[in-house]
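> Listed here are the chains, written in short residue letters.
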Amino acid sequence: MITGVLRRMRVNVVDSSDSNRQRYGEVIETSSARIWVECDQLNDLPPLGALVQVGSDAGDTIFAVVAFSETTGIDATRRAVRRGSNDVRDADVYRQHPELSRVLRSTFEAIPIAFERDGRIIYVVPPVPPPLHYSVERVAAVQVVRLTDRFDYLATLARYQGEIASEQIMISHVRAIYDTRDHDRQWLDTAAAEISRLYASEYDRLLPILEAIDPGEEPAGLRIVR
Amino acid sequence: MTLDLTRLSARIDDLARGSDSPTESFSDLADAFDAIDAYDLTGRIKEARTTWLLAQPGHVFQGALSAPASPAEYSVVASDGSFILPDRHSPARFFIINIGKVVLRYGSDPHAEITADPEIYFREHELYVPNEVKRIPVSGTLLGFKRAAEELTAVAEVAADQPGPVIGLQDGTLILWGLETFPQPVVTWILEAYLGALDALQERGIPIASYISSPASSDVMNSVRVSVCDYPLNGRPVDCRDCHQRALQEGHIPACDFIPDVTDRVLFEQIVDLRPGERSQVFASRSEILKRYTAQHHIHFFYMHSGTEIARVEVPHWVAQDAAKLDLVHAAIYDQCANGRGYPTALQEAHEVAAIRPHERRAVEMLVEEALARHGHDYRRSAKDESKRGRFV
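Protein sequence lines, in the order shown, are assigned to chains A and B. So in the numbering used here, spot 60 of the first sequence is number 60, and the numbers just go up one at a time. So in the numbering used here, spot 13 of the second sequence is number 13, and the numbers just go up one at a time.
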C-alpha cells in the first residue's frame, strides 16, 4: 500500500468554491484492493454503495464502489471534542467554529471493480492501482447504467472484507443503482438472481439482502432462482 | 541502559512533599495594593534604583474591568512558527522556519483559512549577520528573534487582506527580551523587520496583541514593593542595593519585607480577584529593549481572566491608548478563550499547523541528502552522529 508522503508540508489553502462539484476529492491511499479518498468538502461524502471514478496515467478510467466513510480530525493525535450545547447545536456549531472545516476531514474507501480502456469496460480489478492524488469524481448516470448492464463485478463486492459487512455494501449498491436506473425492475430481478447465485450456499446471508433490495412497489415478490 | 525509575521515585516523592503551597497571609498585600496612588508610584519608579523590572502604571492602578460584549462580526489573524535548526553534525548549512497562519472570521459569513509556509535559509547573508569584527551566526536566541519577526510580519500581511474588525494575535510576548545584549547590527537587523510589521499594523489600524498563558512575570508586584518603600519618606529615591547592603551589615529589615514573593498572576487572582472576562488596568513595561522601540510601539500589558486562568496580554502603546482598539482586543481574546476551551482557538490552530513532526524532519534530511548527492557532494555526517545512528555493542 502506497501512502502519500509529505502531504502535510504544505497545507491546503483557502475555501474552495463550488465550481468543481463533479469532483469528490483526491486519492490519498491506493492499492489493488482499495483506494482511500479525502473529500474536498467536509461531510460531502458519496453514499455507501455509490460508484465513483478516477483516471490513471495510462489513460484508463477506473470505477470503484464506496465501501466505508468517516469524518475525523486530520491529525490522528487530535480527537474531536464536544463543541456545542443546548443553545448552539448542529450546523450552528460549524458557524461558531469555522476552523472545523480545516481541522476535520471526510474520507471514504472505495473498491476498484472495473476499468474502461479505449471505450471498452473490462470487469476486472485494474492492473495498476489508481495514482495517488488523482481526482475521484462522480460517475455520470449514463455511465452508471452502462457499467451495471453486466454483473461480473458483484463477485468482487461479495468477497470484500472490510469494516462493514459485504452484504451491507451489496444492499446499498443495488438500491443506489436501482434509483439511478429509474427503477428498472428487470435489472433488479436480474441483479437479485445474480446475488442468489453468489450466495447460493449461504441462505442466512442471502435472505436479508433480498429482503432489503425488494422495493416493495409491486405485490409480486422477487423470483429466487437457484 | 534504561532509566532507573525505582531509584528516582523515592526522590520524586520528597520533591512532592516539599512543594506544599505556602500558607501566605495576603491581607497585608491587599492593603498595600489598595493604598497605591498611581501618581506617587510613577514618581517613585522614575527615580528608583533597582535591578528588578517595574511595571509603570497609567492614571489608575487598581480596578477590574469587565469584558465588553464580544463583537458579532470580527476576524482574528494569528501566526506561529517552528523551525528545523542548523545541525552541527550535518554538512549542509541551513535552517527552516515554518510559519503557520490562521484566519478565523466570525459572524454572518464564518470562514477559516489555515496555511503554513516553510522558508529555507541557506545563503551566507541569511545564516550570518555581518558585524564589524566577526559575523554572528543566526542560531539559538537570535534564531528565536528572527522567527518572532517572521511571525509578526506574516500577521501584518494576512490581516491587511481581511475585512474589519480584525485583530492580530501572537503567542508569547511582544517584548524581544535580551535582544539588547546583542551587537548593534543584530539589533538593527531584527528591529527593522519587527518594528516594520508593527508600523504596517498601526497604519492599517489593526490592533495587535500577544497572549501569555500562565505568566511568570512579577513587574506589577515589584512596583507594589516600590510603593511601600520607606526611602522616599526620608527624601531619598527607592534604592534596593543600598537597602540590601544595610540589611547585610546592620540587620536592617526592608520596608517591603512583608510583601510575599509571589507572581503577578497570584496578585490578580487572589487579591484583585479578577472574575472571568475581567482585566486589570494597563501598565507599561520598562524592559530594557523597549528603549530601542519607537515610542508608539512601547509595549504595555494587562492581566485578564481568560475563563480558566489569569493570562497576560501585551499590546503596543498605540493600541493601549485607543479605547476602541483596547476593548476589541479584550473582547475578542475573551471570546477566543471561550471558543477554545481556555486558550485562544486561533493560537491553538496556528501552533498545530506550524508544528513540524519528526517524520517531516527526517523527510527534509532525506531531501537534502538526495539533493547533495545529485549535485555530486559527498554527504557525510560527523563521526559522533554516525555513532548515535548506528549504535553497536
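Calculated from the structure, these hints are not laboratory results. Take these hints with a grain of salt, some might be off.
Unchecked claim - Sample of chain B residues lacking proximity to chain A, with all beta carbon distances greater than 10 angstroms (derived):
| id | residue |
| --- | --- |
| 1 | Ile12 |
| 2 | Tyr106 |
| 3 | Ala284 |
| 4 | Glu349 |
Said to hold, decoys possible - Away from chain B, derived, C-beta distances all over 10 angstroms, residues of chain A:
| id | residue |
| --- | --- |
| 5 | Glu29 |
| 6 | Ser56 |
| 7 | Thr61 |
| 8 | Asp75 |
| 9 | Val81 |
| 10 | Pro98 |
| 11 | Leu100 |
| 12 | Arg102 |
| 13 | Val103 |
| 14 | Ile121 |
| 15 | Gln161 |
| 16 | Gly162 |
| 17 | Glu163 |
| 18 | Ala200 |
| 19 | Leu210 |
Claimed, not checked - Cβ-Cβ distance ranges computed for the label pairs, FRET-style:
| id | chain 1 | residue 1 | chain 2 | residue 2 | range |
| --- | --- | --- | --- | --- | --- |
| 20 | B | Glu386 | A | Gln161 | 43 to 51 angstroms |
| 21 | A | Ser32 | B | Ala363 | 24 to 32 angstroms |
| 22 | A | Gly84 | B | Arg292 | 28 to 36 angstroms |
| 23 | B | Ala363 | A | Gly84 | 34 to 42 angstroms |
Just so it is clear, the structure is predicted and the values come from calculations on it, not from any experiment. Beta carbons: idealized from backbone N, C-alpha and C, even for Gly.
> Just checking, Leu100(A) versus chain B, shortest CB gap more than 10 angstroms?
At about 8 angstroms from chain B, Leu100(A) fails to clear the 10 angstroms cut-off, so the statement is violated.
> Just want to verify: Gly162(A) was marked as not at the interface with chain B; is every Cβ pair farther apart than 10 angstroms?
27 angstroms, holds
> Beyond 10 angstroms from chain B, beta-carbon-wise, is Ile121(A)?
The assertion about Ile121(A) holds, with a minimum of 40 angstroms to chain B.
> Would the non-interface assignment of Glu29(A) survive a Cβ cutoff of 10 angstroms against chain B?
Its Cβ never comes within 10 angstroms of chain B, the nearest being 16 angstroms, so this holds.
> Are all beta-carbon distances from Ile12(B) to chain A longer than 10 angstroms?
27 angstroms, holds
> At 10 angstroms, judged by beta carbons, does Thr61(A) keep clear of chain B as stated?
Holds: least Cβ distance 32 angstroms, greater than 10 angstroms.
> A cut-off of 10 angstroms on Cβ-Cβ distance, and Pro98(A) was said to be off the interface with chain B. Does that hold?
4 angstroms, violated
> Taking the beta carbons of Ala363(B) and Gly84(A), is their distance inside 34 to 42 angstroms?
With a Cβ separation near 37 angstroms, Ala363(B) and Gly84(A) satisfy 34 to 42 angstroms, so the hint holds.
> Taking 10 angstroms as the cut and beta carbons as the points, is Gln161(A) off the interface with chain B?
30 angstroms, holds
> Verify that the Cβ of Arg102(A) lies farther than 10 angstroms from every Cβ atom of chain B, and report whether the claim holds or is violated.
4 angstroms, violated
> A cut-off of 10 angstroms on Cβ-Cβ distance, and Glu163(A) was said to be off the interface with chain B. Does that hold?
26 angstroms, holds
> Since Ala200(A) was said not to touch the interface, does its Cβ keep a gap of more than 10 angstroms from each Cβ of chain B?
48 angstroms, holds
Of the numbered hints given earlier, the model fails hints 2, 4, 8, 9, 10, 11, 12, 13, 22; all others are met.
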